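Residue numbers (our numbering): 1 to 399.
Just so you know, these hints were derived from the structure itself, not from any lab. If you're wondering where the values come from, they're calculated on a predicted model, not measured in any experiment. Positions of the beta carbon are idealized from the N, C-alpha and C atoms, including for glycine. Some hints here could point you the wrong way.
As the list claims (entries may be wrong) - Listed below are the simulated BS3-like cross-link pairs for lysine-lysine, each with C-alpha atoms no more than 30 Å apart in a straight line:
hint, residue 1, residue 2
1, Lys168, Lys198
2, Lys232, Lys222
3, Lys168, Lys107
4, Lys359, Lys388
5, Lys107, Lys193
6, Lys177, Lys111
7, Lys168, Lys104
8, Lys104, Lys211
9, Lys206, Lys83
10, Lys71, Lys221
11, Lys71, Lys180
12, Lys206, Lys47
Stated by the list, open to error - Each pair of labels, with its calculated beta carbon distance range:
hint, residue 1, residue 2, range
13, Thr97, Leu205, 54 to 60 Å
14, Lys203, Glu256, 54 to 60 Å
15, Lys213, Lys71, 29 to 35 Å
16, Asn386, Lys269, 22 to 28 Å
17, Pro354, Gln263, 21 to 27 Å
18, Glu40, Val103, 23 to 29 Å
19, Ile326, Asn78, 27 to 33 Å
20, Asp207, Gln362, 24 to 30 Å
21, Lys269, Ser182, 53 to 59 Å
22, Glu160, Gln36, 42 to 48 Å
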Amino acid sequence: MFKVRYIVLLLFLIIPLCDVLSQNRKDLEDERKKTQDEIEYTNNLLKLTQQKRQKSVQEFILTNKKIESRKTNIRQINNEINKIDTDIGKEQEAINTLQNDLVKLRKEYEKLIYQAYKTKQTSDKLMYILSSSDFNQAFLRLKYLHQYSKHRNNQIKSIEATKLQLEKRVNELEELKNDKNSLLYEISSENKKLVVEKRQKEKLLKDLTNKEKQLKAEIDKKQRLARELNTKIQKLIAEEIEKSKKGSKTYRLTPEEKLIDDQFSSNVKRLPWPLERGIVTEKFGEHNHPVLKGIKVRNDGIDISTEKSSKVRAVFNGTVRNVFVIPGLNKVIIIRHGSYLSVYSNLIEVYVKPGQNVKTKQNIGILANDDKSDVSVLKFQIWKENEKLDPERWLTTMN
1 MFKVRYIVLL LFLIIPLCDV LSQNRKDLED ERKKTQDEIE YTNNLLKLTQ QKRQKSVQEF
61 ILTNKKIESR KTNIRQINNE INKIDTDIGK EQEAINTLQN DLVKLRKEYE KLIYQAYKTK
121 QTSDKLMYIL SSSDFNQAFL RLKYLHQYSK HRNNQIKSIE ATKLQLEKRV NELEELKNDK
181 NSLLYEISSE NKKLVVEKRQ KEKLLKDLTN KEKQLKAEID KKQRLARELN TKIQKLIAEE
241 IEKSKKGSKT YRLTPEEKLI DDQFSSNVKR LPWPLERGIV TEKFGEHNHP VLKGIKVRND
301 GIDISTEKSS KVRAVFNGTV RNVFVIPGLN KVIIIRHGSY LSVYSNLIEV YVKPGQNVKT
361 KQNIGILAND DKSDVSVLKF QIWKENEKLD PERWLTTMN
């Protein structure tokens with residue numbers, strides 16, 4: 001009887017294992033799905049840049065971005081294969097346990113059948129009870145026969161349950177092996193694509209390196225525009241400090257602005273993106289130029305590439321402080337969120353005006369189109385007073 005209970009308990013322990021394994025694999029599959037979506041989106045942007053038939057740094061950056069995403073995808077597939085190998089081992093272990101238990105159950109059942117046969121041969125059940133010396137013995141014999149019959153039925157149920165669970169686990173093991181084969185095929189395909197993309201990158205790099213003079217001129221122009229934007233922002237900050245409290249080195253917040261300031265500061269890695277969809281094609285801070293060796297460039301925010309004429313939206317509740325034009329950067333919007341500022345550059349059209357309150361994700365304008373490609377680029381910055389912050393540390397993960 002104890003063995004039957006043990007088998008039933010074992011089944012309860014083994015059955016949920018599959019759910020845990022599939023849940024862990026689902027997390028890996030979800031991560032890989034996001035990477036694949038990013039590859040597809042980057043590829044779409046690349047096609048838009050290539051329509052102009054003019055090699056550009058933007059095309060090179062997007063190609064490089066796709067290669068990095070492809071490498072990430074390959075790593076994620078490898079992780080999934082490793083996870084499946086672990087799951088296969090656990091499934092095989094569970095199958096072996098169930099097979100051993102099934103053998104034990106059948107042997108026990110064979111003993112019961114044999115004992116029942118012997119009992120039937122020697123005496124009838126009714127005669128066995130009636131031949132009792134007294135009522136108590138008859139009651140005990142009746143109870144024994146009832147428990148014996150119940151034990152046999154339990155034994156049959158345990159055998160059937162074990163057989164069903166064993167069949168289920170064998171099928172699941174086969175599915176895991178099929179999944180692994182599919183992933184092995186996929187990783188082979190991804191590696192082939194990666195080789196082609198690396199060749200495209202090398203050719204593109206060679207073509208762009210031959211335009212060194214033109215690229216350096218573009219760098220100088222970008223740095224000049226960045227300085228001009230910085231000057232405008234710092235001038236605005238200084239003017240607002242002067243208005244809020246003379247002699248102070250920081251902007252004095254109203255009670256309402258203090259509330260927004262606290263809410264904004266608690267939203268690290270939780271702010272929505274200023275675009276519905278996009279890819280960061282230039283990161284914050286100083287870094288090497290993507291094409292020209294030995295040349296450093298600096299970005300006081302991030303560049304986000306997206307489809308042309310995309311709508312730009314506010315990343316948080318706030319008040320529009322300024323809207324102005326910088327030739328080369330098009331229209332610029334600055335929104336205050338307490339002591340924080342969000343800056344949106346390269347808009348062709350704006351929907352808001354200074355002094356207007358805006359809500360999180362409210363559309364505030366439309367991006368300008370790039371002459372060299374059909375991709376638009378938003379230059380996005382976050383400031384805390386005079387300190388420039390890395391926007392990627394504030395924005396949530398793009399879905």
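With 27 to 33 Å as the target window, see if Ile326 and Asn78 comply at their CB atoms. violated (46 Å)
Hinted pair, alpha-carbon criterion (30 Å max): Lys206, Lys83. Please report holds or violated. violated (40 Å)
Pairwise beta carbon distance, Lys203 to Glu256, judged against the given window 54 to 60 Å: holds (56 Å)
For the pair we were handed, Lys71 and Lys221, check the Cα-Cα distance against 30 Å. violated (33 Å)
Compare the distance between the alpha carbons of Lys168 and Lys104 with 30 Å, and conclude whether the hinted pair is satisfied. holds (19 Å)
Lys232 and Lys222: Cα distance at most 30 Å? holds (15 Å)
What's the verdict on Lys104 and Lys211, does the C-alpha distance respect the 30 Å limit or exceed it? Not OK: Lys104 and Lys211 at ~78 Å, beyond 30 Å, violated.
Given the hint that Lys206 pairs with Lys47, test it: the Cα-Cα distance must not exceed 30 Å. holds (20 Å)
Is it true that the CA of Lys177 sits at most 30 Å from the CA of Lys111? Status violated; Cα separation ~38 Å.
Assuming the hint says 54 to 60 Å, is it satisfied by the Cβ distance from Thr97 to Leu205 or not? About 57 Å separates the Cβ atoms of Thr97 and Leu205, which means 54 to 60 Å holds.
Looking only at beta-carbon atoms, does the pair Asp207, Gln362 fall within the given range of 24 to 30 Å? At 42 Å between Cβs, range violated.
30 Å limit on alpha-carbon distance, applied to hinted pair Lys107 and Lys193: Violated, at about 57 Å.
Of the numbered hints given earlier, the model fails hints 1, 5, 6, 8, 9, 10, 18, 19, 20 and 21; all others are met.
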